[in-house]
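Once you have looked at the hints, place chain E on chain R.
In the order they appear, the protein sequences are chains R and E. The letter at position 173 of the first sequence is residue 177 when you use our numbering, and the numbering goes up by one with no holes. The letter at position 207 of the second sequence is residue 212 when you use our numbering, and the numbering goes up by one with no holes.
These are computed hints drawn from the structure, not numbers from a lab. Warning: the hint list may mix true and false statements.
[Claimed, not checked] Derived lysine-lysine pairs resembling DSSO-like cross-links, with alpha carbons at most 27 angstroms apart:
(1) R/K34 to E/K245
(2) E/K179 to E/K245
(3) E/K168 to R/K315
(4) E/K168 to E/K291
(5) E/K202 to E/K120
(6) E/K291 to E/K179
(7) R/K260 to R/K63
(8) E/K264 to R/K145
(9) E/K245 to E/K291
(10) R/K125 to R/K82
(11) E/K291 to E/K276
(12) R/K34 to R/K260
(13) R/K214 to R/K196
(14) E/K291 to R/K196
(15) E/K291 to R/K198
(16) E/K149 to E/K137
(17) R/K145 to E/K202
(18) R/K115 to R/K145
(19) E/K291 to R/K145
(20) R/K260 to R/K315
(21) R/K260 to E/K137
(22) R/K34 to R/K82
(23) R/K82 to R/K335
(24) R/K125 to R/K83
(25) R/K63 to E/K291
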Amino acid sequence: MLNSVGLSFMLLLSAVGAAIVERVGYDYSKYHPMPEITSWMTQMEKDYPGVVSIVDYGKSYEGRTISLLKIGLNTGEKKKAIWMDCGIHAREWIAPAFCQYFVSQILQSYKTDTIMEQMMKDMDFYVTPVLNVDGYIYSWKDNTTRLWRKNRSPGPPGCDCYGTDLNRNFEANWGTIGVSFDCCSQTYCGTKPKSEPETQSVMNFLASRKDDFLCFLTIHSYSQLLLIPFGHPDFTATNYDELMTVGLGASDAIRKVHGMEYAVGTSPAILYPNSGSSRDWARMQGIPLSYTFELRDNGTFGFELPEDQIKPTCEEAYSGALHIITYAHDKTFNGAVVTAAATLWTVLLAVGVTGANLI
Amino acid sequence: MALRIIVILAALMGVTGSPTTTVRPETSSVDTAAHPNSIPETAEETGQNEVFSEEEAAEDVMATGELNPNHYPAQRAAKVVQHYLTTRYGSPYRLFGLQRVHSGNAEDVGDSGRKYQLEIAVHEIISNTTQKCSAEVFFPHGQKQESPQVQASCEELLNISTKAQEEALYQQYKMNQTLISAQNLPDSHGHIEPDTKPLWHLGIVASSFIMLKESNENTLYNMAQVANITQLATENDQLKFDCHTLLHDMVSQEILHWKLLFTWSPAEGVKVLQMEQLPHCHHCEKPPNTN
Numbered sequence: 005m006l007n008s009v010g011l012s013f014m015l016l017l018s019a020v021g022a023a024i025v026e027r028v029g030y031d032y033s034k035y036h037p038m039p040e041i042t043s044w045m046t047q048m049e050k051d052y053p054g055v056v057s058i059v060d061y062g063k064s065y066e067g068r069t070i071s072l073l074k075i076g077l078n079t080g081e082k083k084k085a086i087w088m089d090c091g092i093h094a095r096e097w098i099a100p101a102f103c104q105y106f107v108s109q110i111l112q113s114y115k116t117d118t119i120m121e122q123m124m125k126d127m128d129f130y131v132t133p134v135l136n137v138d139g140y141i142y143s144w145k146d147n148t149t150r151l152w153r154k155n156r157s158p159g160p161p162g163c164d165c166y167g168t169d170l171n172r173n174f175e176a177n178w179g180t181i182g183v184s185f186d187c188c189s190q191t192y193c194g195t196k197p198k199s200e201p202e203t204q205s206v207m208n209f210l211a212s213r214k215d216d217f218l219c220f221l222t223i224h225s226y227s228q229l230l231l232i233p234f235g236h237p238d239f240t241a242t243n244y245d246e247l248m249t250v251g252l253g254a255s256d257a258i259r260k261v262h263g264m265e266y267a268v269g270t271s272p273a274i275l276y277p278n279s280g281s282s283r284d285w286a287r288m289q290g291i292p293l294s295y296t297f298e299l300r301d302n303g304t305f306g307f308e309l310p311e312d313q314i315k316p317t318c319e320e321a322y323s324g325a326l327h328i329i330t331y332a333h334d335k336t337f338n339g340a341v342v343t344a345a346a347t348l349w350t351v352l353l354a355v356g357v358t359g360a361n362l363i
Numbered sequence: 006m007a008l009r010i011i012v013i014l015a016a017l018m019g020v021t022g023s024p025t026t027t028v029r030p031e032t033s034s035v036d037t038a039a040h041p042n043s044i045p046e047t048a049e050e051t052g053q054n055e056v057f058s059e060e061e062a063a064e065d066v067m068a069t070g071e072l073n074p075n076h077y078p079a080q081r082a083a084k085v086v087q088h089y090l091t092t093r094y095g096s097p098y099r100l101f102g103l104q105r106v107h108s109g110n111a112e113d114v115g116d117s118g119r120k121y122q123l124e125i126a127v128h129e130i131i132s133n134t135t136q137k138c139s140a141e142v143f144f145p146h147g148q149k150q151e152s153p154q155v156q157a158s159c160e161e162l163l164n165i166s167t168k169a170q171e172e173a174l175y176q177q178y179k180m181n182q183t184l185i186s187a188q189n190l191p192d193s194h195g196h197i198e199p200d201t202k203p204l205w206h207l208g209i210v211a212s213s214f215i216m217l218k219e220s221n222e223n224t225l226y227n228m229a230q231v232a233n234i235t236q237l238a239t240e241n242d243q244l245k246f247d248c249h250t251l252l253h254d255m256v257s258q259e260i261l262h263w264k265l266l267f268t269w270s271p272a273e274g275v276k277v278l279q280m281e282q283l284p285h286c287h288h289c290e291k292p293p294n295t296n
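Chain R with its partners taken away, still in its complex shape:
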């Protein structure tokens, strides 16, 4: 009898031990270098089989793979989708931190939150934790490289400098405003639109799937803003009102978390005009809800946001992103349900009236 008690006790101990080991997970409140982010992605795929899969969709200039996590509950049908990318600008470290947090949050909440579960059934989330892989790795190199912004392709012949600003390289009014043709400039837009392999990766991946995407969120820092298309002051999005309303709703959601203010508007209005941005390109492809998130802070620490601010920043940004995603989902799915119900009732009524007449 003592033997069986002892055995049970040992089994209990090993179960508890195993549980503790599993709980010691990834620290979402720290900045992670690229190799750690890559292992984390592999781990997510392992931990959530059938829900998370890694999709390699391009190569950086220096030949590294650009990958995203495709997250959704498999219904076997072609699904609507949400796009999120982080780290298009190397020095904006809070952005990749947010993408990782976002993934962990939706994976945690769908098990208990029926709304999230439904969204995961209806849509797939495509999250790229680090888009500008070469630039991000370069910014981790040493103290002198921390504030690098662009990718790492060499400049055109005769140029002494490296890098193209990927967020000026998309085919959206390319090279018209808010850019520089000086290859040493931080806003150098490249030799032509889509000249950079990183830009090509995104454009090629989305081009064939653009009708599936409801929402395009591109994450940056800093300034605490939600920017809507377009960067060129002469162009207004056809759904400007919707973009503003939903954006203001997201800003309200953000404020409720930690009291932080995120202003909402077009780039030329609240920040500066620009062209060739991924947000603008996505909108021009027809993806209706396209936003640039500029996360904390307002200039005190700037790009070098302290790690103790990672969690609160991610929490508020998650709230904001979720507001937009929920709106996109409900408009597409609940809206259809309402329309179907209304149509059904109308038909029944018509049949009833017609039937009555026939009598």
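The following block gives chain E in isolation, referenced to the frame of chain R:
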């Protein structure tokens, strides 16, 4: 009768159609800065590498009257007020951030420049208090960069006394056997060692003199990092420092390197003796082993 039903049904179906509409910006209740009359210019036409002629046209249209407090003209002017307040009242224990712009107004002053009037909320970072200020910023429109002129009055800016802490720090640094120095404030992860925080703060105050002087309507300066700050021998009861600072201009996205020589004491505050912009080493950013 059945035909009428079908028509009604068809109409109902039509109403639940596409939600996208073309909206004319002037009719929306939400503010917009679309300027349909301006024409984009290409780089070749402007004959320069930087393409921001569009922005200048936009500013001309926005020049006079009431400003949207969330839009960039008021925001950039308010940031200048932040730098001004920091130069005048900043210390290792008093630093300012721009919390919010409540309202703004701008008007041309003939050809000489543009004057902004602002109501803003200023955040004192160390005590974590906020207060209102009224300010006036004048941006001269000369051929070359001229420092904006600022006047500001805040309710009780100096309400929280920092005298004791400043005096203690001053004495501590004055008595230093080895002169203190620090690098990379903050570091790559945003971290600052507690005993180097006062040096970071001093670096910010001193850098604010540069940010103020270099500001115009086409810039928005913030600190990026104090790369190096080194204490030099005390002179005339003033602590003296040599500093290499990195500034970030949001509009161009450039990181500007400056070298500063400045003094500080609780009585005199920060005074800049010398400032010099450093050229940035572009070929240093190439990978090793490239020709």
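So, going through the hints one by one against the coordinates:
Pair hint R/K34 plus E/K245 does not hold up; C-alpha atoms about 36 angstroms apart against a cutoff of 27 angstroms. The straight-line distance between the Cα atoms of E/K179 and E/K245 is roughly 10 angstroms, inside the 27 angstroms bound, and the hint therefore holds. Between the alpha carbons of E/K168 and R/K315 the distance comes to roughly 35 angstroms, so the proposed pair goes past 27 angstroms and is violated. The hinted pair formed by E/K168 and E/K291 fails the criterion: a straight-line CA distance of about 48 angstroms is larger than 27 angstroms.
Straight-line distance between C-alpha atoms of E/K202 and E/K120 comes to about 36 angstroms, which puts the hinted pair past the 27 angstroms bound. The hinted pair formed by E/K291 and E/K179 fails the criterion: a straight-line CA distance of about 42 angstroms is larger than 27 angstroms. As the CA atoms of R/K260 and R/K63 are separated by approximately 39 angstroms, the hinted pair breaks the 27 angstroms bound. About 24 angstroms separates the Cα atoms of E/K264 and R/K145, which keeps this hinted pair within 27 angstroms; it holds.
For the hint linking E/K245 to E/K291, the alpha-carbon distance of about 36 angstroms lies beyond 27 angstroms, and the restraint is violated. Taken as a hint, the R/K125 and R/K82 pair is honoured in the structure, with Cα atoms around 11 angstroms apart against an allowance of 27 angstroms. Of the pairs offered as hints, the one joining E/K291 and E/K276 is violated, with about 37 angstroms between alpha carbons and a cut-off of 27 angstroms exceeded. A hinted pair counts as satisfied when its Cα atoms are at most 27 angstroms apart, and R/K34 with R/K260 qualifies at roughly 24 angstroms.
With a CA separation close to 22 angstroms, the supplied pair R/K214 and R/K196 stays within the 27 angstroms bound. This hinted pair checks out: E/K291 and R/K196 have alpha carbons roughly 22 angstroms apart, not beyond 27 angstroms. With a CA separation close to 22 angstroms, the supplied pair E/K291 and R/K198 stays within the 27 angstroms bound. Straight-line distance between C-alpha atoms of E/K149 and E/K137 comes to about 33 angstroms, which puts the hinted pair past the 27 angstroms bound.
Proximity of R/K145 to E/K202 is assessed by CA-CA distance (about 25 angstroms); at most 27 angstroms being required, the pair is judged to hold. With a C-alpha separation of about 39 angstroms, the suggested pair R/K115 and R/K145 falls outside the 27 angstroms cut-off, and the hint is violated. The suggested pairing of E/K291 with R/K145 holds, with an alpha-carbon distance near 13 angstroms, which does not exceed 27 angstroms. Of the pairs offered as hints, the one joining R/K260 and R/K315 holds, with about 15 angstroms between alpha carbons and a cut-off of 27 angstroms not exceeded.
Using a Cα cut-off of 27 angstroms, the hinted pair R/K260 and E/K137 holds, with the two alpha carbons roughly 23 angstroms apart. This hinted pair does not check out: R/K34 and R/K82 have alpha carbons roughly 36 angstroms apart, beyond 27 angstroms. In summary, the hint linking R/K82 to R/K335 is supported, as the alpha carbons are separated by about 18 angstroms, within the 27 angstroms threshold. Restraint check for R/K125 and R/K83: the C-alpha separation of about 9 angstroms stays at or below 27 angstroms, so the hint holds.
Under the criterion of a C-alpha separation no larger than 27 angstroms, the hint pairing R/K63 with E/K291 is consistent with the structure, at around 20 angstroms.
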